[in-house]
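Trainee: Residues per chain are reported as follows:
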Amino acid sequence: MSFLRHISDKPWIPDHRPTVEIHSGMATRAATTKRGLVLFLSVVTVLFLLISIAYLENTSLPEWKPLREPQLLWYNTAILAFSSLTMQYARMLAQKDNAIRARQLLVISAILAVVFLYAQVFAWHELLQQRFFASTNPAYAFFYLMTGLHGIHILGGVSVLILALGKISNDNNLDAVADMTRLCAIYWHYLLLVWVVLFALLLVDNYMVNTFWYGMCRS
Amino acid sequence: MVSTNIDDSEVGSHGPQSFLTKYVWSQDHKVIAIQYMGTATAIGLVALVLSWFMRLQIGFPDTFDFIDSSSYYQYVTMHGMIMVIYLLTAFFLGGFGNYLIPLMIGARDMVFPYLNMLSYWFYLLSVIILASSFFVPGGATGAGWTLYPPQSILEGTPGSDWGIILMLVSLIVFIIAFTMGGLNYVITVLQARTEGMTMMRMPLTIWGIFVATIMGLLAFPALFVGGIMLMFDKVLGTSFFIPAIVSMGESLEYGGGSPLLFQHLFWFFGHPEVYIVALPGFGIVSDLISIHARKNIFGYRQMVWAIVVIGALSFIVWAHHMYVSGMNPYFGFFFAVTTLIIALPTAIKVYNWVLTLWRGNIHFTLPMLFAIAFIFTFVVGGLTGLFLGNVVVDVPLSDTYFVVAHFHMVMGVAPVLVVFGAIYHWYPKATGRMMNQAMGHIHFWVTFIGTYAIFFPMHFLGFIGMPRRYFSFEGLEFIPESAYTLNAAISIAAFIVGAAQMVFLFNLFWSIRHGKPANGNPWRATSLEWQTPQTPPVHGNWGASLPVVHRWAYDYSLPGVEADFVPQNVPITEGETNEQ
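So the protein lines, in turn, are chains A and B.
Counting from 1, position 205 in the first sequence corresponds to residue 204 in numbering that gives the first Met the number 0; the numbering is continuous, with no gaps.
Counting from 1, position 145 in the second sequence corresponds to residue 144 in numbering that gives the first Met the number 0; the numbering is continuous, with no gaps.
Hints should not be assumed to be uniformly reliable.
[Claimed, not checked] To give an idea of the interface, some chain B residues facing chain A are shown, with a C-beta separation under 7 Å as derived from the structure:
| id | residue |
| --- | --- |
| 1 | L182 |
| 2 | V224 |
| 3 | L235 |
Keep in mind the hints are simulated off the structure, nothing from the lab.
Each residue gets a CB set at the ideal place from its N, CA and C atoms; glycine is no exception.
Modelling step: build the complete structure from the supplied sequences, incorporating the hints.
Mentor: If you want it as structure tokens, here you go:
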């Protein structure tokens, strides 16, 4: 609990230790960007958490009609998981200073993520063709909202990855490649985690509505 | 906290630049701060004028033709939204946060300067979108600043065609801007502090801004989600928030949504928002009081803890804005308890401010006057908050002017007084000149006394049951004639206070050229921003090498030391102890 230790300091008492020992100054660039990423992902977590709560709250309404999720989503989940795996492999390679292979795997991960996005759009298309619109009922509205926001999240990740790949394409600075791969891997695993949770939430209302959750909220 | 020293030259290029990159597309935190402040002031003036229009109608009903019930609601809505989000949040975090964080912690700039620049331009975009909503067909939205559905998006509310969409788009852009800025402020505080600057050696200003920014990052997503869902309801015809409903005699196609859900999302953002505005104010006031009373802040650790505790608690009180929404009474009890608990850390802060003043060497400079005025105003507004925090008191008072008086005192006037005090305080650092004293005093006394003339009588209006939000009080027999006289008086006070702000604005520009030249540290303050090699600080802030911090920010009137202040970057002398 370093935060607690920090805030129990007594700064008004003169400290005769050298100041470097007390706080050595600015952190490294890599540590800073990593912290920035983690903070950003916590903001995104709050966003998805609130949507999930809103979703669960709505499923408890008596008017709620669950939707039949397209089968395609299962395959999409596999693609995203595979993308996360290749990303993890890239990270391991980058740490072993194999920058060329790491870059190749980064490209593969990006392509897999784009394939996932395309397949998600295809799932939307399938639903829209059956004339299930966002306005049909709240279950569809939430489906489009949750998959859409997750899609934007992926799109952001892929664009940053492409920009970063451009930056390090001719770079022989192994540290830079390793740092970047590490950040991307965090982002990618997070994307997968969010998707798995959202997907589970989308499925769960088929079984729970009018039973457990309904009972809890309406008692 | 793992951190290592890095070569200073790595920090980035801080060399000379062209006019355009220096003042327009600037990545310098000081320029971005002033851009933020300028934009916020400009849109804030619009909101001030809107409040005049509202007061014209309430004080002198049916005298002015250009105000009808629709435009009145548009003024109310836009005034509220602009003041809370586009003025106060942007000014405290985008303005003071940007200007002060790197200077006070001894950094050359924010850690992500490019993102910081984008943050400002997104903010400007959001302000432009917001302002443009006055000019679209149907005008700006008149849904009230809380934008409650269903009424905010249905026919019959002013601006329900275009105004509401532009408002939501503007809010979403603002939140993106805030997130980019907020990531910067938090990570800069965590990672870019100079050697020796521990968290507990930071001035309280930085603590306030730091915690407020974290709160903003966690609270704004709620508004973001609510805003997107509401926009879908409006544009795509989804039913997130709209139940099966009959509007203007027609049964609409909506169905299955929950209007209460929006209120929860809105206030999950809305209540922390109060403290996002208040906490930087708390921090700045602590520093102003300590500096201008030449005394260390009383109970520094308590002050930090109180800021952190208030920040945490403010996330579990949101439903006290919803006592009249018909929610479960047990929820009401829970939220009343958490609300009243917040009074404890807040009271600690007030006591510590007063105890810092106690037997201090008080200089009644302009920043000090504003700081003391803040304490008064905040206590008045805070005490009425204790009334309204209780369900049984809130229910009858909720829709009256008592609430208007409460929130204007506590989160309208009080933070604005801090903004003024802070501007008078840091102006010499930003420009190298002092602001004019005479004009400053006129501004202070008219504003301080004038705001009491405006908002204090509103408590009484609330007690006799005068409803808020009403365009006209015609036909309400129980309102005595004297209430109308009082309203006219309040309106006149509002115009005078508004005029005093013009004096302030004039002073702001006049003093750039004609103010008394100030040296680098006119208030003889200890914190790092006053120890820069140049005033105003140049790009990169610190010249050849970063300052090294040896002590906390409050070494005023140290026993056994001749000077009455010791800057943070002065080494501890041998045998220096602290036996005050």
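Trainee: Which of the stated hints cannot be reconciled with the structure, identified by number in ascending sequence?
Mentor: Per hint list: zero violations.
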